[in-house]
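Student: Residue numbers (the working numbering), protein chains in the order written: chain A, 3 to 150; chain B, 48 to 124.
Among the hints, erroneous ones may be present.
Claimed, not checked - DSS-like, lysine-lysine: derived pairs with alpha carbons at most 25 angstroms apart:
#1 A:Lys133 with A:Lys108
#2 B:Lys52 with B:Lys70
#3 B:Lys70 with A:Lys133
#4 B:Lys52 with B:Lys65
#5 B:Lys70 with B:Lys60
#6 B:Lys52 with A:Lys108
In case anyone wonders, no lab produced these hints; they're calculated from the structure.
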Amino acid sequence: MAHFTLPIGPAGPVLSAFVAVSQARHAALTAAGQPVPSPVPIRALVDTGASCTCVDASVLAALGLTPTGSTQMMTPSTGATPHEALQYDVALAIPAAPPNPQPFYKHTLPVVGSELSIQGIDALIGRDILKDCLLTYNGVVGFFTLAF
Amino acid sequence: MALEKELETYARKLPELKEHEGKFALVHGDVVDVFASYEDAIKEGYGRFGLEPFLVKQIQSVEQVQLVTRLLVPSPV
C-alpha cells in the first residue's frame, strides 16, 4: 500500500493535500470554453470524529464551485437540531511518499462547505475517506501513518 | 437560496423515489433521474446540464445526519 508517516503536531494529525474541481466539472468547464481553476493546496486534519469530509469555503470559492448537494448535519455549533448544509463535488489528492509515490485520489467526492480557516486548517478528512485507508495514530512516538 | 427549486422537487417526489432507496437522485428543476452511484449522477448532471444548477442527493426514507464532533459552522443552505 502507498503510505506516508508524519509527525503529530499541535493541531493533531495534519497532512497536505490538493482539492480540485471534480473530473466531470473539469469536462463541463472545458466544453463551455471556461478556464479550469488550478488545484488548491490545503492543510487537512485527519478527523475520525467527522463522518464526512469538510472543506473551507475559501477553498471552494477559489475553485469557483457552486453547490450540487445538501445534507443534514450536526456539530457542536448546531445544537441538537440538524442543519441543512451545502455539499460540493470536488476531486481530492493526498500525496504519498517514496518508494510508492502513488497518491490517494478521488475524482469525484462530495464535501461539506464549512468555516475552518479560523482553526488554522482548510479541511477535515472524514470517515468517508478513512473507510478506504489504514490509519495508525502512534501518540507514544508522536507520529501518524496513513496507508491507502 | 441555492438549489431551492431542486430541493423542493426532491422533497415532493421522495415518496415515489423510495423504491430506489440508497441510489442517487439527479434533480434539475422538475426533472428527476436515478443513478446507482454518486459519481454517475454527478457525471450525468454536468453532461446534461453543463454548469447550470443541479442537485445530487442520495435517496433515503430517513435521511442520515452527518456528525462532526469538532466545532465548525457549516455553510447554510
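Student: A separate judgement is required for each hint: does it hold in the structure or not?
Tutor: Evaluation of the provided hints:
1. A:Lys133 with A:Lys108: Answer holds: Lys133 of chain A to Lys108 of chain A is near 13 angstroms, not above 25 angstroms.
2. B:Lys52 with B:Lys70: Holds - the C-alpha atoms of Lys70 of chain B and Lys52 of chain B are around 21 angstroms apart, at most 25 angstroms.
3. B:Lys70 with A:Lys133: Given that 25 angstroms is the threshold and the Cα spacing comes to 19 angstroms, the pair holds.
4. B:Lys52 with B:Lys65: holds, 20 angstroms
5. B:Lys70 with B:Lys60: holds, 14 angstroms
6. B:Lys52 with A:Lys108: At roughly 29 angstroms apart (the allowed maximum being 25 angstroms), Lys108 of chain A and Lys52 of chain B break the hint.
Of the numbered hints listed earlier, the single one contradicted by the structure is hint 6.
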